[in-house]
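Asks: Listed here are the chains, written in short residue letters.
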Amino acid sequence: DAGVTQSPTHLIKTRGQQVTLRCSPKSGHDTVSWYQQALGQGPQFIFQYYEEEERQRGNFPDRFSGHQFPNYSSELNVNALLLGDSALYLCASTLSHNEQFFGPGTRLTVL
Amino acid sequence: AQTVTQSQPEMSVQEAETVTLSCTYDTSENNYYLFWYKQPPSRQMILVIRQEAYKQQNATENRFSVNFQKAAKSFSLKISDSQLGDTAMYFCAHEGGNEKLTFGTGTRLTIIP
Numbered sequence: 015d016a017g018v019t020q021s022p023t024h025l026i027k028t029r030g031q032q033v034t035l036r037c038s039p040k041s042g043h044d045t046v047s048w049y050q051q052a053l054g055q056g057p058q059f060i061f062q063y064y065e066e067e068e069r070q071r072g073n074f075p076d077r078f079s080g081h082q083f084p085n086y087s088s089e090l091n092v093n094a095l096l097l098g099d100s101a102l103y104l105c106a107s108t109l110s111h112n113e114q115f116f117g118p119g120t121r122l123t124v125l
Numbered sequence: 006a007q008t009v010t011q012s013q014p015e016m017s018v019q020e021a022e023t024v025t026l027s028c029t030y031d032t033s034e035n036n037y038y039l040f041w042y043k044q045p046p047s048r049q050m051i052l053v054i055r056q057e058a059y060k061q062q063n064a065t066e067n068r069f070s071v072n073f074q075k076a077a078k079s080f081s082l083k084i085s086d087s088q089l090g091d092t093a094m095y096f097c098a099h100e101g102g103n104e105k106l107t108f109g110t111g112t113r114l115t116i117i118p
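Going down the list, the sequences are from chains A and B.
Here the first sequence stands for residues 15 to 125, numbered as in my numbering.
Here the second sequence stands for residues 6 to 118, numbered as in my numbering.
Treat the hints with caution; some may be incorrect.
Between beta-carbon pairs, the in silico distance windows are [what the hints assert, rightly or not]:
id, chain 1, residue 1, chain 2, residue 2, range
1, A, ASN93, B, GLU22, 24 to 32 Å
2, A, GLN31, B, LYS83, 43 to 51 Å
3, B, PRO14, A, LEU25, 36 to 44 Å
4, B, ASN63, A, ILE26, 26 to 34 Å
Below, a list of computed lysine to any residue pairs in the SDA-like style, where the Cα atoms sit at most 20 Å apart [as the list claims (entries may be wrong)]:
id, chain 1, residue 1, chain 2, residue 2
5, B, LYS105, A, GLN58
6, B, LYS105, A, SER110
7, B, LYS78, B, SER47
8, B, LYS105, A, LYS27
9, B, LYS105, A, GLN55
10, B, LYS83, B, ALA58
11, B, LYS60, A, GLU113
12, B, LYS105, A, ALA52
13, B, LYS105, A, GLN70
14, B, LYS60, A, SER110
15, B, LYS105, A, ASP76
16, B, LYS105, A, GLU67
17, B, LYS105, A, LEU25
18, B, LYS105, A, PRO22
19, B, LYS105, A, PHE78
20, B, LYS60, B, GLY101
Worth flagging that the hints you see were computed from the coordinates, not collected in a lab.
None of the values given here were measured: they were computed from a predicted structure.
Note that CB positions come from ideal geometry on N, CA and C, so glycine has one too.
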């Protein structure tokens, strides 16, 4: 079992660009959540996907959007990048109130 | 809305000693879960220990144990016989019925050889 995987590991973009981050959940997990972790801070909840629908959302602007595919993998898209979007983006998967397993994260740097 | 507070930004302790990390939280829910996660420099968030709020018995996992005081909304982590590999950021987190995790700001723990 490969656990939760994320790609890419690192990414550098410039202001105004768009970015797509990808996550494959742990085998058997159907729920994927995305978190943003700024340097020196705890992770902040962005949104959660279940059955290909956004089930709930944190306090993030509409520039942040996502998608879940039939195989439960997920994408996080960020449009019109700002310097403040620089962070570690974490994906977590779970199966109904069990432990959330985290991926290694994608480090996004916006210049 | 849930909030989680960790009031110790940094702590250090000698190897083999015991250390306690503090966490307080606020929630309006009756059924919830509390967690301690470890994040080493590799960035991988690793679950250390989990507590269900409806269970009065404190959770233990080998050298790790918690002191869960539900009325006081306190959830501290005790690490016994600390090891160099315990050096990491530690995050306290709350999960309610919506499976959304709310994290504290973390405590940087350093184990001194």
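Asks: Identify every previously stated hint that the structure contradicts and give their numbers, smallest first.
Replies: Violated: hints 1, 3, 4, 7, 8, 17, 18.
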